[in-house]
Amino acid sequence: MQIFDEDGQLLLAAAFSIAILVLVSTVLLNSIIFTSNIAAESGSDTMIYKNNNLIQATTNAYQNAYEHDIGLNQTYLSDFESNLKRMYAQEGYLISTRQHDIFTPYFTETGMPGGAGDWIVVKNVKTVKNMVFEIESFDGTDFEVKALDSNNNSIWSISYSYDGSFELDNVDESFDNVDEIGNSTIRLSNGNDPSVHNIVIRNGSQVTGYYLIEGTLDNSVEYHEQRGKMINVTFNINSARHSTSTTIPISLPFNYSNNEA
Amino acid sequence: MKKLVNDENAVSVSVGYILTFAITALVIVLIMGSFFMLVEQTENRVSYDEYKVYANLISNQISEMDRFIYSIESQGGAVNSMEYEVKLPLTIAGNYYTVELCNSSEEIIFTSQTPTSTQFRTPYSINSNTEIASGIIYVSHKNHYLIYDNETKMIILE
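Listed in order, the protein sequences are those of chains A and B. With the working numbering as the guide, the letters of the first sequence map in order to residues 1315 to 1575. With the working numbering as the guide, the letters of the second sequence map in order to residues -14 to 143.
No lab work stands behind these hints, which were simulated from the structure alone. Given the structure is predicted, the values throughout are model-derived calculations rather than measurements. Even glycine gets a Cβ: it sits at the ideal position worked out from N, Cα and C. Wrong hints could be hidden among the right ones.
[As the list claims (entries may be wrong)] Going by beta-carbon spacing under 10 Å, a handful of chain B positions derived as facing chain A:
| id | residue |
| --- | --- |
| 1 | G1 |
| 2 | I8 |
| 3 | V12 |
| 4 | I16 |
| 5 | T27 |
| 6 | A63 |
| 7 | Y109 |
| 8 | I111 |
| 9 | I122 |
| 10 | Y133 |
| 11 | K138 |
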């Protein structure tokens, strides 16, 4: 009888090849099954930049509107807003703005009562062409505007005191014209101080009022720092996935007619 | 039929069949076992990678919200409300999972809901006065949002 001992070998070889086939197909399938999960949502979010652009554009519009009409021309502002809505709608954002009351700011860095009361208004000043400070209300602390040189020594200073008058230190020597109007406004022009200095405010968080300072900086660039009244504006931005609502105080230009008593 | 004991051929058909069948069965069982182990290992590794992606996504969004709040507050303004949608898939690598924000250790923790759970932790950073509210969410079909609450100054994941 012939011994057919190749039959078993064929079966074993077939089993092994099936096993290897299963293994290889498992490894292949694994990568297919699990890579379908990895598509995650990515991409940077532009909400911050959109919001900042919106605030900047609206600030400019409000400031322009105020310069022409201190009651804020509502037609101009609503035209502006509807144009802005169209622009942003094309990018998938719904925006709306709402204005609140106009108010008198504090002499803090942000104009709000919680802002820094001691702050630098202008840095590296070479000349002061024109400076106006107008005090609206005073709550009893020593409010000071002064010029500090590079060693933090005071060149000139103006302080407003309890009895409602200005105390000037070296101001008449530093400016060609000094005018006090009433008890609450001081106007100076043509500063003749040669050294480079910073103009700072001290204890501004309990005094409200307006200011304007203009002149030239150390690098011959002109500056106009001013703050008249302020207005709170609420911005709402909605997109498909985000929505924010923020309220920002916008500073309006200084208005000389503020101090017509 | 051939005699089992006194046969001199040394090849018995039935024993041959039994042997080959047994060996084949054993080999198949071993292959299946290693198949499932391989799948689970891959699952863990893929889960880990996926959790890393989503956790970094959430951490980035928290940082964006924080930066936004900080920039608004430094201008003297206030953020009244803010909502960001966080897109999380229902299952990752076939398993349900939870997302936890831990205030005390300042971490985002992803945990899979399987007997052998994988976990991934990543820190987040906040620079402004806001804080993150600790909480766990079980990812479900509804949308998930990172919400800023102005009164408590906290960011909540819901």
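Cross-check of the supplied hints:
1. Against a cut-off of 10 Å between C-beta atoms, the interface hint on B/G1 holds, since the closest Cβ of chain A lies about 6 Å away.
2. Annotation: interface hint on B/I8 holds; nearest CB of chain A at approximately 7 Å, less than 10 Å.
3. Because the smallest distance between the Cβ of B/V12 and any Cβ of chain A comes to about 6 Å, under 10 Å, the interface hint for this residue holds.
4. Checking B/I16 against chain A: minimum C-beta separation of about 5 Å stays under 10 Å; hint holds.
5. With a least beta-carbon distance of about 5 Å to chain A, the hint placing B/T27 at the interface is held under the 10 Å criterion.
6. Given the 10 Å rule on beta carbons, the hint for B/A63 holds: about 5 Å separates it from the nearest Cβ of chain A.
7. The interface hint given for B/Y109 is broken, as the beta carbon of that residue sits about 15 Å from the closest beta carbon of chain A, more than 10 Å.
8. With a cut of 10 Å, the hint placing B/I111 at the interface with chain A is violated, because the nearest CB-to-CB distance is about 16 Å.
9. With its C-beta approaching chain A no nearer than about 17 Å, B/I122 sits outside the 10 Å limit, and its interface hint is violated.
10. A hinted interface residue such as B/Y133 counts as satisfied when its beta carbon comes closer than 10 Å to some beta carbon of chain A; here the least separation is about 8 Å, so the hint holds.
11. Interface restraint check: B/K138 against chain A, minimum CB-CB distance 14 Å, threshold 10 Å, status violated.
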